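Number of protein chains: 2
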Amino acid sequence: MYGYMGKILRIDLTNKKATVEPLKEEVLKKFIGGRGIGAKILWDELKPGICPLSPENKLVLTVGPLTGTKVQSASRWMAQFKSPLTGTYFRSVGGGFFGAELKFAGYEAIIVEGKAEKPTYVYINDENVEFRDAERIWGMNTLATREFLKEETDKNAHMVMIGPAGENLVKFSAIVTDGDFRTAARGGGGAVMGSKNLKAIVVKGSKRPEVYDEKAFDDAFKEQVESYKSNPAFEGFHNLGTNFAVYPFYTLGHFPTYNFKQKELYGAEIFQPEILSQYVVKHSGCWGCMIRCGKVFKLTKGPYAGTVWDFPEYETHWSFGGNLGNINVETIVYANMLCDFYGLDTISTGVAIGFAIELYEKGIIGKSETDGLELRWGDPDIIPELVKRIALRIGIGDLLAEGTRKAAEKIGRGAEKYAIHVKGLEFPAYDPRSAKAHGLNFATSPIGASHCIGWNKFEIMGIPRKADPFATEGKGEITKYVQDETAIAETAIFCIFPFNMEMVTIDMYAKMLYAATGIEEFKDPKHLWLAGERIFNLERAINIREGIDGKYDKMPERIVKEPVLREPSKGQIFEEEILLKDYYKVRGWDENGVPTREKLRELELDEVAEKL
Amino acid sequence: MYGYMGKILRIDLTNKKATVEPLKEEVLKKFIGGRGIGAKILWDELKPGICPLSPENKLVLTVGPLTGTKVQSASRWMAQFKSPLTGTYFRSVGGGFFGAELKFAGYEAIIVEGKAEKPTYVYINDENVEFRDAERIWGMNTLATREFLKEETDKNAHMVMIGPAGENLVKFSAIVTDGDFRTAARGGGGAVMGSKNLKAIVVKGSKRPEVYDEKAFDDAFKEQVESYKSNPAFEGFHNLGTNFAVYPFYTLGHFPTYNFKQKELYGAEIFQPEILSQYVVKHSGCWGCMIRCGKVFKLTKGPYAGTVWDFPEYETHWSFGGNLGNINVETIVYANMLCDFYGLDTISTGVAIGFAIELYEKGIIGKSETDGLELRWGDPDIIPELVKRIALRIGIGDLLAEGTRKAAEKIGRGAEKYAIHVKGLEFPAYDPRSAKAHGLNFATSPIGASHCIGWNKFEIMGIPRKADPFATEGKGEITKYVQDETAIAETAIFCIFPFNMEMVTIDMYAKMLYAATGIEEFKDPKHLWLAGERIFNLERAINIREGIDGKYDKMPERIVKEPVLREPSKGQIFEEEILLKDYYKVRGWDENGVPTREKLRELELDEVAEKL
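Respectively, the protein sequence lines represent chains S and G.
Numbering follows my numbering, in which position 23 of the first sequence is assigned residue number 23; successive positions increment by one, without gaps.
Numbering follows my numbering, in which position 280 of the second sequence is assigned residue number 280; successive positions increment by one, without gaps.
Treat the hints with caution; some may be incorrect.
Copies of the same chain are indistinguishable here, so a pair counts whether it falls within one copy or spans any two.
Here are the computed lysine-lysine pairs in the DSBU-like style, where the Cα-Cα straight-line distance is at most 35 Å [unchecked claim]:
#1 406 <-> 115
#2 301 <-> 406
#3 261 <-> 40
#4 207 <-> 150
#5 406 <-> 29
In case anyone wonders, no lab produced these hints; they're calculated from the structure.
Note that the structure is a prediction, hence the values are computed from the model and not measured.
Using the sequences and the accompanying hints, generate a full structural model.
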């Protein structure tokens, strides 16, 4: 089977057993790879209603049909599981070198199930799979874990692992990888690994995927490289990664401030590209990607001087910056490093901290709940301190480690009003009131408020055509478009950046996919669009099976009731009802947000139609 | 020339010029190598009276005639310079892999002089010497510096470097090496590099030293290995490094408490080997040493959980532990890691912190001097905070960064009484009142209160024969013995541990040295003993030329006036006058501590005799 390695590795931690299963061609045709295959596996295998931190949860790691080939930006890897943070189906994406290495070892997917008796790591060396003792490295941060595991296995091996946060079952702990720590951060995959006593999966592979039509594949590759080079966004991405967007996006009404109060942030100019680029000392990138959006920075002043680490992304400049009223870049950089060390999602961590600051401001919690800490907007020193307490579940950190939704429930006293999440997943650095389709995606995505699963390039970049971000009309259609397109791209598992900027298109992907696999159906972009919609609906179906239907497509009160306080979106709210109604209609879902039987049959999901 | 590579590399930073000079055989015969050669170079080249942080200071790095051979524990490297902390001649020793690599590149010594115009690092690849821009890495901690420089040069290169503390000219900043950060910590070598705008010297070598008589050399090597294996101290050293000594030494009256108040330390049992060994997850060692005394530990609880780093030595458990009334191992371990990152001497740093705590306790300084920080004995949290402030010269850290002697002068108000140093060098973890010859070495060593330059195995271990530690009689003789023996061992540059435990002896060294070099004179241990005494006297002569004579062989008031408060040395003081008189006599020095002409001539230091 060209393009594919054609094998699934099932790792049963309870019985220390590894088995290899074939991937069926009819499944590949319908779900292509990556996210599609993972969703299908979870639909087939995940028992509804189980606790996400029980041995019954499954962790699926996937790659795609272009992984490890010369196609650019298509060698990421994906983790899919039932999320301990949201209770939903979840998909979280990581970068670095692990994806390519897993492919080289001969696998399209790993299914991890059960629970190891003691801390364990799994070492996959091509066909050879070992269950190894991880007692010694349990408790170690990710940097040390990487060093120890490379020494114990192979210097050129790559891995996914957890830090202390995952071991401590922090609900938004990350699955971290060794290459520049390009983490599958969201949704608590780290806690799923932790609950299984699984510290790491280390992979070393020696095979290479073969493509069906070398010449056509090479042509498609060259077309992609040309497209990258001629794209106006390429240079910005290369020079500063997502950081080039921080200040411009702030002025567009994204990069929300003060836990989404959206007051003016004095000193936001500190985030201008000219200033941020002064910190950069090195570029880095994922396997097979010429963008090299990773930036290594150094700090030369303040209490964290001497620190050198991967630059915070746009999101993290926000979560520890604007979101907390903080304009001290040094603390953002340092808190970001701590999150990588402990294995934490920087977005949820920052939002949880903002939530705590606002509760303190409103008098809902006091010093007795914060272990004496004063929580104030814009105070840089408390940020690294709270990151630590969350990762290690110390004092108030233990409460925040549950995520804002659960923490608010526990606190009561109206705290829920300040918990900014959908379905339990904390918001990223976009304001639904400043970009309505973008917000509509937060409301309806299968994983909660994620910007990665339907980033609205219409509204934000005017790509492929401009859409008024404040309007409500036509938003269902463009939301569906980007959600389905993302699902297609993530069958690869393509990085979403080049799709957002149209450096890669679905038409281009179809050419690559056919040249790589020789599967006739893939020639036709329409087949891919149908597959994207199919995957998105299947994910929705998994949630509905869990009892999570349209009632959960719910924005926080602040977003639907409190108007934005600053320009250009001053006065805007999120018109939830109108927007959702339009969206459900476009999707072919009923008024409860459930896909109709007709829609499911149209998507060749007959079996799903029967079960729902 | 067997054993030797026979070359000195002179690096002129001002003019970016590297020149190679031969090493003369008559110099080698008299000074052997390592510390001997370095002292000779400084005697010949160091202009008296210069500021240690001026371009006129010289930094000499040396290795010895056994470096890079299979002889065990003989591949350390040495830094010699005029110390910005003490104003004296200084010698500081480091481990890891740099020594062997320097030898492999073909050099016995490097002389660094002048000052680079901008931050620079030097890359030595055999004969090829490059002066490279270090702007980008200036400000980086040592871990990041190592990573960047290995990438920019050669993955297998080794280096000496400074961290932010050296750049900030902290007077007790260290020269750090890449292999497990086995630092030449004492005396401010880091500041000397910093003052020269020299971030690092990176070395990659491809040659191997040849020995004169392979068979005899191999026999000597085998004898050494047998001696190691049969020595009762070997296992303890291997299992726990110097940490095996912490608790036993405390009970013997060493490991002084509370800035040498020597009160009982409640909870000192925490330092028992059984408890400390629970932290160890890995052994590590220097090039060519089977002891592998380096221990890597991990922290699994408290605010520093997830940390994995090289274990603190005996000294550091004291400087951040007993010395501060602190029994929290986690903070010791973390503060130790920070010192490695910033490039700080852990001994002087801990003593400076103890000094500050006592000044605060006595009301000599208050919150206005400490930037609001409360300084209290046994408070673990202030320790990492003060380490940072010292390295970065923030607030009170800026004052303490000058060393306790200078800080006390600046503060006035009787602060000097609590500055525990000789000649400006802060005390290590031994109390002169509990081991008088050990103390006598602190008073008379050319570099100030160092435990490494005359560790009194008679008193502490009963090796080669027992000496009552509290007695004053006969202490001159045994002090001279260990000082001279250390000087001999450090011509190699042997690690001092195996000599302290008599795993290696001077007789054994003579055999190795002759087999390696073929130099007849080295056959005779008496020749070596004379060389050791010669080197020690030459170092003394450098100091005297700087105006530092017997008047500076001066203990702190506390040591000579305040009796120890705890058993077994309760009531003891250090009888300075009696002890020094005896020592000067044994040394053949006059009542001002100046070597007599006769003594210098006897040591074939005629030229020195004339100049003094």
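Now for the hints, and whether the structure bears them out:
With identical chains, the CA atoms of residue 406 and residue 115 are at most 35 Å apart within one copy only, with a shortest distance of 25 Å there and 60 Å across copies. When the C-alpha separation of residue 301 and residue 406 is checked against a cutoff of 35 Å, the pair qualifies only between copies, where the shortest distance is 25 Å, while the shortest distance within a copy is 38 Å. In the homo-oligomer, the alpha carbons of residue 261 and residue 40 never lie at most 35 Å apart, since the shortest distance is 39 Å inside one protomer and 70 Å across protomers. Taking the shortest alpha-carbon separations for residue 207 and residue 150, both the intra-copy value of 20 Å and the inter-copy value of 29 Å come in at or below 35 Å.
In this homomeric assembly, residue 406 and residue 29 never come within 35 Å of each other (Cα to Cα): the closest approach is 40 Å inside a single copy and 77 Å across copies.
Of the hints listed earlier, those the structure fails to meet are numbers 3 and 5, in rising order.
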